[in-house]
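J.: In case you want the letters, here they are:
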Amino acid sequence: MEIAFYILAGMAVTSAILVVSLKNLVRAILALASLFLSIAGLYILLSAEFLGLVQILVYIGGVILLFLFLIMLTENLFEKNKVNLFQRITGVGLVLLLFSIIISIFMKQPFQAIPKTDYSIQELGKHLLTDYLVPFEVVSLLLLVALIGAIVIAKKEENK
Amino acid sequence: MKEYLWVAFFLLVGIAFCLGGFIFNWFIRSNKPSESKLSTYECGEKPVGSAWIQYDVKYYLYGLLFLIFDVEIVFIIPWATIFKGSATVTALFVEMVIFIVILLVGLIYAGKKGALQWR
Amino acid sequence: MSTTHYLVLSAILFCIGLYGVISRKNAVMVLLSIEVMLCSAGLNFACFSTIHNPSGQIFALFIIVVGAAEVACGLAIFFLAARLSETIDLDKFNLLKG
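In the order they appear, the protein sequences are chains E, F and Y. First residue of the first sequence? That's 1 in the working numbering, and the numbers climb one at a time after it. First residue of the second sequence? That's 1 in the working numbering, and the numbers climb one at a time after it. First residue of the third sequence? That's 1 in the working numbering, and the numbers climb one at a time after it.
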């Protein structure tokens, strides 16, 4: 258990750092896929198996595919100018500040052992279709809006 | 949780298999590059243009449709697991019909716009 | 294992994603960094759901959906911008500037 967590956490942090620091867009996207895979493993460690499978199905199967298709569509996407040093230093400073604030909050909380919970997919479904019924229907509306919006934007280019 | 050890095992074996092939190949191959060997392989012909040609936007539209309906499936699976033997079958059915009809509007729109046709 | 392990991990991932958003100029890179941040938020929800109730997992599910919808629309916009203005450098997106 412990060792699996540390392996997956190390993989997640390494690939996240690669995502934000790699110059090549294609490599950054593949690092993102590795991050998604390790997050799915962490979900399974938390006995949220359905979430882990959804992560693999939607993110690795769908989102990464869409990113790679975008790379195929146009070559103007690659970074041409260098990252500004000032921006980089500001980023590191702000992020360290935020991180220290978050950690100082965590240190005030007592350590809480993760109990042995195992929510079945039926339990999730019951919650989803009773307590979260309105968000559930709104999700379909959100997907509809995303679908129509993306088609309108992408089709505009094709018609020209 | 123990069953997932097998998943990890298969993952490791898969990675080791691919990586082992590469590394073994690295050791036993001969390496004499020349200009024509290093050029892009195009079925033996001389390569024409850059490898970064611009593909048509319709590939993106297919990927998009796949992603949206992939997400839809994610919500149908928990619904399907509780459907059998539930006390409120009618309500569940109506809820899912509303969900699917809203997304069907999107599918019809995509069809009208010609995003489903392969040209 | 305690929840603090997972919370610290998700804080680290969130901070890395935020660094990416601040320091990168390429719009697609910024979107990738936002995906990292969304992932860390989902991990946080899943961690808390083990000590409370399944609601956290459902929220993580919604986060995944919103992330997918965001990518679908965002990439279409970046695609159009890349074709129109030859670059997706965020500093050069100043068509709407008055």
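Mixed in with the good hints, there may be bad ones.
Not close to chain E: a few residues of chain F, all C-beta gaps over 10 Å, as computed [stated by the list, open to error]:
{"#": "1", "residue": "G14"}
{"#": "2", "residue": "A16"}
{"#": "3", "residue": "K32"}
{"#": "4", "residue": "S39"}
{"#": "5", "residue": "K113"}
Below, a list of computed lysine-lysine pairs in the BS3-like style, where the Cα atoms sit at most 30 Å apart [stated by the list, open to error]:
{"#": "6", "chain 1": "F", "residue 1": "K113", "chain 2": "F", "residue 2": "K58"}
{"#": "7", "chain 1": "F", "residue 1": "K46", "chain 2": "E", "residue 2": "K155"}
{"#": "8", "chain 1": "F", "residue 1": "K2", "chain 2": "E", "residue 2": "K126"}
{"#": "9", "chain 1": "E", "residue 1": "K116", "chain 2": "E", "residue 2": "K126"}
{"#": "10", "chain 1": "E", "residue 1": "K116", "chain 2": "Y", "residue 2": "K92"}
{"#": "11", "chain 1": "Y", "residue 1": "K25", "chain 2": "Y", "residue 2": "K92"}
{"#": "12", "chain 1": "E", "residue 1": "K155", "chain 2": "Y", "residue 2": "K25"}
{"#": "13", "chain 1": "F", "residue 1": "K2", "chain 2": "F", "residue 2": "K58"}
{"#": "14", "chain 1": "Y", "residue 1": "K92", "chain 2": "E", "residue 2": "K156"}
{"#": "15", "chain 1": "Y", "residue 1": "K92", "chain 2": "F", "residue 2": "K58"}
{"#": "16", "chain 1": "F", "residue 1": "K2", "chain 2": "E", "residue 2": "K116"}
{"#": "17", "chain 1": "F", "residue 1": "K58", "chain 2": "E", "residue 2": "K156"}
{"#": "18", "chain 1": "F", "residue 1": "K84", "chain 2": "E", "residue 2": "K156"}
{"#": "19", "chain 1": "F", "residue 1": "K46", "chain 2": "E", "residue 2": "K126"}
{"#": "20", "chain 1": "Y", "residue 1": "K25", "chain 2": "E", "residue 2": "K108"}
{"#": "21", "chain 1": "F", "residue 1": "K46", "chain 2": "F", "residue 2": "K58"}
{"#": "22", "chain 1": "E", "residue 1": "K116", "chain 2": "F", "residue 2": "K32"}
{"#": "23", "chain 1": "F", "residue 1": "K46", "chain 2": "F", "residue 2": "K32"}
{"#": "24", "chain 1": "F", "residue 1": "K84", "chain 2": "E", "residue 2": "K155"}
{"#": "25", "chain 1": "E", "residue 1": "K23", "chain 2": "F", "residue 2": "K84"}
{"#": "26", "chain 1": "E", "residue 1": "K156", "chain 2": "F", "residue 2": "K113"}
Derived coverage of chain E by chain F (criterion: at least 3 residues anywhere in the stretch with Cβ under 8 Å from a Cβ of chain F; other residues may be distant) [what the hints assert, rightly or not]:
{"#": "27", "segment": "9-19"}
{"#": "28", "segment": "115-127"}
{"#": "29", "segment": "133-145"}
For the record, the hints were derived by calculation from the structure and aren't laboratory data. Cβ atoms here follow ideal geometry from the backbone N, Cα and C, with glycine treated the same way.
J.: Look at each hint and say if it fits the structure.
T.: Results for each hint:
1. G14: Holds: least Cβ distance 12 Å, greater than 10 Å.
2. A16: Fine: 15 Å to the nearest Cβ keeps F/A16 off the interface.
3. K32: Answer for F/K32: holds, closest chain E Cβ roughly 28 Å.
4. S39: At about 19 Å from chain E, F/S39 clears the 10 Å cut-off, so the statement holds.
5. K113: F/K113 is in fact no farther than 10 Å from some Cβ atom of chain E, at 6 Å.
6. F/K113 <-> F/K58: This hinted pair holds, its Cα atoms lying about 12 Å apart.
7. F/K46 <-> E/K155: violated (35 Å)
8. F/K2 <-> E/K126: With Cα atoms ~27 Å apart, F/K2 and E/K126 stay inside 30 Å; holds.
9. E/K116 <-> E/K126: holds (21 Å)
10. E/K116 <-> Y/K92: Status violated; Cα separation ~52 Å.
11. Y/K25 <-> Y/K92: holds (10 Å)
12. E/K155 <-> Y/K25: holds (26 Å)
13. F/K2 <-> F/K58: violated (44 Å)
14. Y/K92 <-> E/K156: Given that 30 Å is the threshold and the Cα spacing comes to 22 Å, the pair holds.
15. Y/K92 <-> F/K58: Distance ~27 Å between Y/K92 and F/K58 Cα, so the pair holds.
16. F/K2 <-> E/K116: holds (14 Å)
17. F/K58 <-> E/K156: Given that 30 Å is the threshold and the Cα spacing comes to 12 Å, the pair holds.
18. F/K84 <-> E/K156: violated (45 Å)
19. F/K46 <-> E/K126: Violated, at about 61 Å.
20. Y/K25 <-> E/K108: violated (37 Å)
21. F/K46 <-> F/K58: holds (29 Å)
22. E/K116 <-> F/K32: violated (59 Å)
23. F/K46 <-> F/K32: Measuring from Cα to Cα gives roughly 20 Å; hence the hint holds.
24. F/K84 <-> E/K155: Since the Cα atoms of F/K84 and E/K155 sit roughly 42 Å apart, the hinted pair is violated (cutoff 30 Å).
25. E/K23 <-> F/K84: violated (51 Å)
26. E/K156 <-> F/K113: holds (11 Å)
27. 9-19: That given contact is violated, which follows from only 0 residues of the segment 9-19 of chain E lying within Cβ reach (below 8 Å) of chain F.
28. 115-127: holds (count 5)
29. 133-145: holds (count 8)
Hint check: violations occur at hints 5, 7, 10, 13, 18, 19, 20, 22, 24, 25 and 27; the rest are consistent with the structure.
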